[in-house]
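J.: Chain S is already provided as a structure; the job is to place chain L on it using the hints.
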Amino acid sequence: MLRRSLRPSPGRGRPPSREERERAAGTADEAPPPTELERLGIWLDRRTGIAGVARTGLRKVFPDHWSFLLGEIALFAFLILVATGTFLTFFYVPSAALVPYEGSYEPLVGHEVSAAFDSVMALSFEVRAGLLMRQIHHWTALVFVGVIVLHLARVFFTGAFRRPRELNWVVGFVLLTLALAEGFTGYSLPDDLLSGTGARIAYSAALSIPFIGPWVASLVFGGEFPTDALISRFFVLHVMLLPGAFFGAIAVHLAFVVFHKHTQYRGGQARETNVVGRSFWPSQVFLSTGLFFLTAAVMALLGGLFQINPVWAYGPFEAAQVSSPAQPDWYVGWLDGALRIFPPFEPTILGVTIPSAFIPGVVLPGILFTIVAVWPFIEARFTRDDREHHLLDRFWEHPGRTATGVTILTIFGILTLAGGNDVIAFYFAAEIEALTNTFRLLTLVVPPLAFAITYRLCRTRRDRADEPDEPFAGRTPGRGGVALRRTAAGGFEDVEP
Amino acid sequence: MSGPTRSGFVPPAERRAERLVLAAFGVTFLSGTALLILYLLGGQTQLEGILLTLCLGGLGVGIVIWAQRLMSAEVKVEARHPIGGDRRRIAELGDVLTEEAGFTRRTLLIRALGGALAGLGAALAIPVFSLGPAPGRALYETSWRPGARLAVAGGQPLRPDDLPIGSLLTVYPEGDDSDPNAATLLIRIEPELLRLEGEAAGAAPDGYVAYSKLCTHAGCPVGLYRAADHRLICPCHQSEFDVLTGATPVSGPAARRLPQLPIRREGDTFVAVGDFPTPVGPSFWNMGGG
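Same order as they appear, the protein sequences are chains S and L. Counting in the numbering used here, the first sequence runs from 1 upward without gaps. Counting in the numbering used here, the second sequence runs from 1001 upward without gaps.
Isolated chain S (complex conformation) (with noise of 0.2 Å):
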């Protein structure tokens, strides 16, 4: 196909080497004239060079494990937002100007609505399939995040972030973030009642900063809310620089992955030194377009079937109403947990005041954000562990680590459920003072018992794996302990840490 090497092709007599099949593909002295196929990609090598490069990179290796497919789904997702997304601005109007409601749905015609919502409406009536697209899109939001989460979790828990693959974790960081924002700015896009509260709350907390709060407020919502440049601004940022910067990070956080070569679980082959798994092509190819198709698949049931974010029944937003109970997403269920057990906690200090809002709607999110950011940094200062690590920890083979972790979602599961509050409340007839105390107890008791718990039990199983006749032995590695594996024969083999 290729006149770049010239070595003679592989004695016939025995199954060549991959090396020589690889060699055996770029030679030609015996080759019979070129197929139309051959034609066309000489043609492409001749102007690109791309034969070399696609060559080692077609045969790649990729481990194969399922855990390793949660940050795929993040992808596909984010390819499935972008496509319907796209079908959605070709209707949606980003105008807070007031226009008379005259579409299909009865209770509302006639109400002065805002042009937003009046398209949000006309897709969810009249612009056929575009109440599929618009669930599509709004179910799709919703699992994005929650897999962008889970793939966090998994990198986490088995300590991939460890070097070299620190920048790479704050990529992912950054594209946690972004996605967050994607999912902030596109809940307040609709401007129906629950909406628009939404933003309301985001509006109280950046005026709630010392000092420069009124500025930020005023700055990014265009003055006192509610300000009609709010859905406009918005609309800008959620469908271009948001995903314009979610499509360079992804693209360096993928760069990463290639440059890096993926993590693997230990046993098998794998060791530190080498990456055991499928090639590129075809297989993790073929698997990937086929779970791009299944997520597909799975979001299309979602969107069509189950109604999410029916913003008629809603109504339009106005700023003195407000519906009741108002749960926002579920990720960002947590801020609103915090916004809404914190005590009633507002002093004034040498004449500055520091809003109730602050502390639970800015600090706490800060300080954790921040602590997700730059954890591989905090765990390599305890750890004092700046060597390369490409093999996978158990999750108890660091318990400080997974300990932290659980703590981290024990906080933010908790403050979940107290953003619920009010929904529980209405279903289990609870007051919803004694929830509110409650709530403030658990959040106090619980992340530190979790902590002890899982330190704990981590430990007793890292313990055990001490012992000698632990079958899956292996004490972690560089901690003075000598890693076995039980062969197939039953005998037992060191393994190279």
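By construction, these hints were calculated from the structure, which means they are not laboratory data. Glycine residues also receive a C-beta, built at the ideal position from the N, C-alpha and C atoms. It is possible that part of the hints are untrue.
[Said to hold, decoys possible] From chain L, some residues computed to sit far from chain S (all C-beta separations above 10 Å):
id: 1; residue: 1010
id: 2; residue: 1103
id: 3; residue: 1110
id: 4; residue: 1146
id: 5; residue: 1160
id: 6; residue: 1193
id: 7; residue: 1206
id: 8; residue: 1275
[Said to hold, decoys possible] Simulated crosslink set (DSS-like; lysine-lysine; CA at most 27 Å straight-line):
id: 9; chain 1: S; residue 1: 261; chain 2: S; residue 2: 60
id: 10; chain 1: L; residue 1: 1076; chain 2: S; residue 2: 261
id: 11; chain 1: L; residue 1: 1076; chain 2: S; residue 2: 60
T.: Coordinates of chain L only, in the frame set by chain S:
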């Protein structure tokens, strides 16, 4: 798993897998066609969803089975190489970046460049500050003016009999409901129940008391009223305010009263004595400086 051999023999497992892939692709073809027909007939969201699911799912299942059962499952091993860390190369890189560009000899210019960039940053701040007005009096004021009559949005001035005891209405300055931050709850309580102090008591004639509708926590409209214990409740974060004692926060995260709008009777209507005495809505750092 090899493909068909020269003799044409296909192992039964492969034949089964092939049939599955064919069936899956068939589902995609049929459901995709059905989706198009459904669309042409006028469409129906739920059926569209199911057909689209089958269409995409068939393709996904077919491709995955193809990859798992009919492609090489050969495990391959690729070597890794340590990443970076060669100090000599880093030193060389440093030389290329600094020495060759002459940076080490031009410290004055480097510093001047830093200053120039700071100037550029100042210039770039201008469009940023155009994004919103400087936060000024707006945060401290609403559109309530002395003498403004209380009215429901777009309606006539409110008369005392419009409001039975134990009920409430959202009111604005008459003829001007353009300022959402002026939204006010007028509540009628039996006068002997009210326990307001000082000026506040005088500003609530005959048991009619007016509070800002914006929650002092995160600014949501305080939209719920529990008449049994005279509490206003914010549906966003469940702050509760006791109407009888001047809308003091009694439960939930709000730490500040709902500001009370001073009102008085004027003939058969209510008028505002002035604007709210403190800022309405969520708190901010210099709110005491109004």
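J.: Looking back at the numbered hints, which does the structure fail to meet, lowest number first?
T.: none
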